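Generate the whole structure from the sequences, applying the supplied hints.
Protein chains in written order, with the numbering used here: chain A, 21 to 378; chain B, 355 to 686; chain C, 269 to 556.
Source of the hints: derived by calculation from the structure; they are not laboratory data.
Take the hints with a grain of salt, since some may be wrong.
[Said to hold, decoys possible] Far from chain A, some chain B residues (derived; all Cβ distances over 10 angstroms):
| # | residue |
| --- | --- |
| 1 | G358 |
| 2 | A481 |
| 3 | N530 |
| 4 | V578 |
| 5 | G640 |
[Unchecked claim] Result set (DSBU-like, lysine-lysine): computed pairs, CA atoms no more than 30 angstroms apart in a straight line:
| # | chain 1 | residue 1 | chain 2 | residue 2 |
| --- | --- | --- | --- | --- |
| 6 | B | K463 | A | K149 |
| 7 | A | K113 | A | K170 |
| 8 | B | K601 | A | K170 |
| 9 | A | K368 | C | K447 |
| 10 | A | K329 | B | K429 |
| 11 | B | K497 | A | K323 |
| 12 | A | K149 | B | K497 |
As the structure is a prediction and not an experimental result, all values here were calculated from the model.
Using N, Cα and C, we set each Cβ at its ideal position, and we do this for glycine too.
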Amino acid sequence: MLYREVGDFKASYAADQATFSIAFDRWFYHGILAFAILVVPFLINDYWANAVILPFLIYSIAAIGLNILTGYCGQVSLGTGGFMAVGAYACYKLMTAFPELNIFFCVLLSGGVTALVGAVFGLPSLRIKGFYLAVATLAAQFFLVWLFNKVAWFYNYSASGQINAPERTVFGFEVTGPEAMPWSAYLFCLVFVIGLAWAARNMTRGSNGRRWMAIRDMDIAAEIIGVNPLGAKLGAFAVSSFYVGVAGALFFSVYLGAVEVTEAFGIQKSFIVLFMIIIGGLGSIFGSFAGAAFMVLLPVLLKNIMVGKLGWATDLAAHFEFAIVGALIVFFLVVEPHGLAMLWRIIKEKLRLWPFPH
Amino acid sequence: MSPGFFYGIEVVLNGLMTGVMYSLVALGFVLIFKASGIFNYAQGVMALFAALTLVGFQDGQIPFSHLINAVFGTKIHHFGWHLPAILAVLFALGVMILFAWLVEKLILKHLVNQEPIILFMATIGLAYFMEGFGDLMWGADIKTLDVGMPQGGNLWIEESTAFLGGEDFYGFYLDNLDIWASVVALVLVVSLVLLSQYTKIGRALRAVADDHQAALSVGISLRVIWVIVWSVAGFVALVAGIMWGSKSGVQFSLSLIALKALPVLMLGGFTSIPGAIIGGLIIGVGEKLFEFLLGAPFLGGATENWFAYMLALVFLVFRPQGLFGEKIIERV
Amino acid sequence: MIRNGRSFDGRVDAPADSGAGTGRAAETPGTSGAVVMELRGITLRFGGVTAIRETTFDIQEGEIRAIIGPNGAGKSSVLNVINGFYHPQEGEIWYQGRQRGVLKPHQIAHQGIARTFQNIALFRGMTTLDNIMTGRLTRMKSGIFRQLAWWGPAEREETEHREAVEQIIDFLEIQAIRKTPVGRLPYGLQKRVELGRALAAEPSLLLLDEPMAGMNVEEKEDMSRFILDVNDEFGTTIALIEHDMGVVMDLADRVVVMDYGRKIGDGTPDDVRSNEAVINAYLGVAHD
Ligand SMILES: Nc1ncnc2c1ncn2[C@@H]1O[C@H](COP(=O)(O)OP(=O)(O)O)[C@@H](O)[C@H]1O
Ligand SMILES: [Mg+2]
Numbered sequence: 021m022l023y024r025e026v027g028d029f030k031a032s033y034a035a036d037q038a039t040f041s042i043a044f045d046r047w048f049y050h051g052i053l054a055f056a057i058l059v060v061p062f063l064i065n066d067y068w069a070n071a072v073i074l075p076f077l078i079y080s081i082a083a084i085g086l087n088i089l090t091g092y093c094g095q096v097s098l099g100t101g102g103f104m105a106v107g108a109y110a111c112y113k114l115m116t117a118f119p120e121l122n123i124f125f126c127v128l129l130s131g132g133v134t135a136l137v138g139a140v141f142g143l144p145s146l147r148i149k150g151f152y153l154a155v156a157t158l159a160a161q162f163f164l165v166w167l168f169n170k171v172a173w174f175y176n177y178s179a180s181g182q183i184n185a186p187e188r189t190v191f192g193f194e195v196t197g198p199e200a201m202p203w204s205a206y207l208f209c210l211v212f213v214i215g216l217a218w219a220a221r222n223m224t225r226g227s228n229g230r231r232w233m234a235i236r237d238m239d240i241a242a243e244i245i246g247v248n249p250l251g252a253k254l255g256a257f258a259v260s261s262f263y264v265g266v267a268g269a270l271f272f273s274v275y276l277g278a279v280e281v282t283e284a285f286g287i288q289k290s291f292i293v294l295f296m297i298i299i300g301g302l303g304s305i306f307g308s309f310a311g312a313a314f315m316v317l318l319p320v321l322l323k324n325i326m327v328g329k330l331g332w333a334t335d336l337a338a339h340f341e342f343a344i345v346g347a348l349i350v351f352f353l354v355v356e357p358h359g360l361a362m363l364w365r366i367i368k369e370k371l372r373l374w375p376f377p378h
Numbered sequence: 355m356s357p358g359f360f361y362g363i364e365v366v367l368n369g370l371m372t373g374v375m376y377s378l379v380a381l382g383f384v385l386i387f388k389a390s391g392i393f394n395y396a397q398g399v400m401a402l403f404a405a406l407t408l409v410g411f412q413d414g415q416i417p418f419s420h421l422i423n424a425v426f427g428t429k430i431h432h433f434g435w436h437l438p439a440i441l442a443v444l445f446a447l448g449v450m451i452l453f454a455w456l457v458e459k460l461i462l463k464h465l466v467n468q469e470p471i472i473l474f475m476a477t478i479g480l481a482y483f484m485e486g487f488g489d490l491m492w493g494a495d496i497k498t499l500d501v502g503m504p505q506g507g508n509l510w511i512e513e514s515t516a517f518l519g520g521e522d523f524y525g526f527y528l529d530n531l532d533i534w535a536s537v538v539a540l541v542l543v544v545s546l547v548l549l550s551q552y553t554k555i556g557r558a559l560r561a562v563a564d565d566h567q568a569a570l571s572v573g574i575s576l577r578v579i580w581v582i583v584w585s586v587a588g589f590v591a592l593v594a595g596i597m598w599g600s601k602s603g604v605q606f607s608l609s610l611i612a613l614k615a616l617p618v619l620m621l622g623g624f625t626s627i628p629g630a631i632i633g634g635l636i637i638g639v640g641e642k643l644f645e646f647l648l649g650a651p652f653l654g655g656a657t658e659n660w661f662a663y664m665l666a667l668v669f670l671v672f673r674p675q676g677l678f679g680e681k682i683i684e685r686v
Numbered sequence: 269m270i271r272n273g274r275s276f277d278g279r280v281d282a283p284a285d286s287g288a289g290t291g292r293a294a295e296t297p298g299t300s301g302a303v304v305m306e307l308r309g310i311t312l313r314f315g316g317v318t319a320i321r322e323t324t325f326d327i328q329e330g331e332i333r334a335i336i337g338p339n340g341a342g343k344s345s346v347l348n349v350i351n352g353f354y355h356p357q358e359g360e361i362w363y364q365g366r367q368r369g370v371l372k373p374h375q376i377a378h379q380g381i382a383r384t385f386q387n388i389a390l391f392r393g394m395t396t397l398d399n400i401m402t403g404r405l406t407r408m409k410s411g412i413f414r415q416l417a418w419w420g421p422a423e424r425e426e427t428e429h430r431e432a433v434e435q436i437i438d439f440l441e442i443q444a445i446r447k448t449p450v451g452r453l454p455y456g457l458q459k460r461v462e463l464g465r466a467l468a469a470e471p472s473l474l475l476l477d478e479p480m481a482g483m484n485v486e487e488k489e490d491m492s493r494f495i496l497d498v499n500d501e502f503g504t505t506i507a508l509i510e511h512d513m514g515v516v517m518d519l520a521d522r523v524v525v526m527d528y529g530r531k532i533g534d535g536t537p538d539d540v541r542s543n544e545a546v547i548n549a550y551l552g553v554a555h556d
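Written out as structure tokens, the structure reads:
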């Protein structure tokens, strides 16, 4: 087939370090990118945007964020929901306090605020490790949700306790609020996805990524070869939280529009994003996308089959979904702990050698 | 003395009793962790599942009736009989043992040499599965669980302590159920400790905890031990499920008590049975007192949601090995 | 058999400053006698256990300094003290002419001390290449923002260090496993990769904790050759823990002998070999 590297020889180290070292991969990637930017906006409608595409894009950002922390730096966090809430509420406060500020910057700044909060909650990671840390991050989850629930300042003293996204435009097109068109909301999210995925790839491929992975694989040895654990871990917490915060801001402002914190950002969110990176593949940017796609599509698919085709009650379908997702997590951990990303790599390996396997 | 002082004491007493319940759930964690190094996140869902199963047997519910009805268009729901509580408890226990066996066979066996954190995530998956499966099997509606535990306030304690305070003090209000639950939990904890000290199986379990090889040389297969431990944890989950279920009904939120047991473990250490008990009491009392003194009056209430975690977090930062752990010196 | 490499061509034994002996001290051109590292009266305790007792010795520039002794003698602890993983309760550490305060291990790595470990401590999730690249981290600029955009300084830096690492890969003859995750490598190769990671830091003091433990004869010979070459070609000062006395006698310029946390002998390999106390404590005892 055409799926070939020309031998395994690279003309330069730079080429060897490239993200897509095989020409076919490069075309494939550019093809998808072109399709996403040039074609999808014309096809997208309300149903696809809300049921599949927006959640997929936004969860991808969150999954990349958690993957940086857990997959690359080895620090398991169960606080993702709480950090998404920080992004959402920061965005809401910024949008309402500075109505003139472009929503693009509101979202970025929300990421920044979340990065700070994340770094603070990352401090214990210098002393606490493994499950102890995982459990400790639950403190962030529960405390933050409680905070946004109880302190009225965060929701501008609204009677309902909810926050609602005001209408904001980019280049004159509405991206938040009820008037927003699916294509403009989509493109707005896509910009973040592309920019952040690209940045994540760059941060993880060089010396910085190696610092994180060294900490993940063996933190003592990492420190002895010269990695400062404080810098590496807090850096990972901050960067990861930035991503999660941006995801939370988009989730609130573009996707949901109105948010009640315990409902939108409860501990289930933390688990869903964790599942995405397990299923997709720990320590893989591609895996983050794959996992997000999987976890977004699966419920839609199940619902379409069970509720749409078979006419079952929605709660029955929901129970099925839980059981299936749980079983899949276990299945993946047992059969392919490296997730979809690894499966994809194996398929590519096979393809590359096809039709002469030896 | 002011009535506030007595209310404070009442809060402490209630906290102690809640703490015993936390200890009970934490104990399930510790058992599994000691014997297999697995941090079993599903412990709470096991309690929910056990309680659902118990109610299901007691009321003669037909398992998977919703599913069957959806597929075949039937309208079945109950067999029409009621089992005595004791029989239902035994059946539920049987299901939990079967469950332990399946967990070993389908999951643990395949993950023996994986890193602990992978196993931890597998138990999160397991928790998800059981939650869905339990609802599929027995339905998700809130059920009342009644195995004959006494309900309501304990009048005797209330009346006999009324003299302590002045006019406005009517005596300590303690729930009968809580008192019973504490007693049962205490008995359970003590008997588990005794069993692990004085029986062959118990000694084997502790041997596994210390050294897997040593346990093998005693002639007990690791896998058998895992099944036993998960069964015991299932039993503990059933007891916890009965207590919490009698108190607030069998529903999804029951699985959340597991989340309360986590900070208990962080505080007490994952491997220490006394740690689980004392950690549970500290957290039970701590969160009730905090809510009473600071939370409700100044912070808008509901601080129980996070207080335990924050306490454990702050504590661990200063003492990473927990209350009873030995100081960790890392080696290379 | 180890000395058949080019490193020994045309060298003649000359009287060593420490007296008689045919150790390598006098042969090694790099040995200037300047002290790189000095431990003075080091005592290290763990609760009731005293791992090191009032131990004093130095490591001179360009030499290969061996530390020997039975298991539990405190050898690894000495290396751990040198690279700051353990902090002794008593004593002084002098490095490059200055007394060293209490530093963190990563700070000490930045001062040019690198090491390998008794139990392999590679980064198992990474490839050989990436593992060795981590050795360069002390020489690479950190900074997340610099790396956000790949092209430009970040890519140049990466390529530059990649070149240095490729030289090490060639030197250690591990080209074929460049892209293999280290977890999949056999033990002997893992040890070699670990040496590569330490070398990548271009350390001024290299600590090797039992680099040949568990290897077969052939692997040991290779490893000995690498260690000698590193010492000769780059002039790297090396402190080495090793159990195989044959290897020690061949490689070392000077030897420290430890037992029960105490230093019981110090000198050229020949000195040590003829020392009563050492013979009683160590050489007489089967130690494998
Ligand atoms: N982190 C530690 N905690 C407690 N004791 C230790 C630790 N590290 C080393 N020791 C003790 O110090 C002594 C010396 O150990 P070590 O330096 O590893 O010996 P060697 O490398 O010579 O075999 C041993 O008794 C060992 O048990
Ligand atoms: Mg040693």
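**OP:** For the pair supplied as a hint, K497(B) and K323(A), confirm whether the alpha-carbon distance does not exceed 30 angstroms.
**Re:** holds, 26 angstroms
**OP:** Assess, step by step, whether the Cα of K149(A) is no farther than 30 angstroms from the Cα of K497(B), and give holds or violated.
**Re:** With a Cα-Cα distance of about 39 angstroms, the restraint between K149(A) and K497(B) is violated, given a limit of 30 angstroms.
Subject >> Satisfaction of hint between K149(A) and K463(B), Cα-Cα up to 30 angstroms >> reply: holds, 26 angstroms
**OP:** Find the nearest Cβ of chain A to the Cβ of N530(B) and say whether that gap is larger than 10 angstroms.
**Re:** Since the minimum Cβ distance to chain A is about 30 angstroms, N530(B) lies beyond 10 angstroms and the statement holds.
Original post:
Within 30 angstroms, alpha carbon to alpha carbon, are K601(B) and K170(A)?
Top reply: Cα-Cα ~27 angstroms, so holds.
**OP:** Classify the label on V578(B) as holds or violated, using whether its beta-carbon is more than 10 angstroms from each beta-carbon of chain A.
**Re:** About 21 angstroms separates V578(B) from the closest Cβ of chain A, which puts it past 10 angstroms; holds.
Subject >> Status of the stated non-contact between G358(B) and chain A (beta carbon gap over 10 angstroms) >> reply: Per Cβ check, G358(B) is outside 10 angstroms of chain A; nearest 24 angstroms; holds.
Subject >> 30 angstroms Cα cutoff - pair K368(A), K447(C) >> reply: The given pair, whose Cα atoms are some 17 angstroms apart, holds under the 30 angstroms limit.
Original post:
Can the restraint linking K113(A) and K170(A) be considered satisfied, given a maximum Cα separation of 30 angstroms?
Top reply: With Cα atoms ~16 angstroms apart, K113(A) and K170(A) stay inside 30 angstroms; holds.
**OP:** Evaluate the condition: distance from the CB of G640(B) to the nearest CB of chain A exceeds 10 angstroms.
**Re:** holds, 14 angstroms
**OP:** Just double-check A481(B) for me: nearest Cβ-Cβ distance to chain A has to come out over 10 angstroms.
**Re:** The claim breaks: A481(B) does not keep its Cβ more than 10 angstroms from every Cβ of chain A (closest is about 7 angstroms).
Subject >> Hinted pair K329(A) and K429(B), Cα distance within 30 angstroms >> reply: Holds, because 20 angstroms separates the two Cα atoms, which is no more than 30 angstroms.
Of the numbered hints given earlier, the model fails hints 2 and 12; all others are met.
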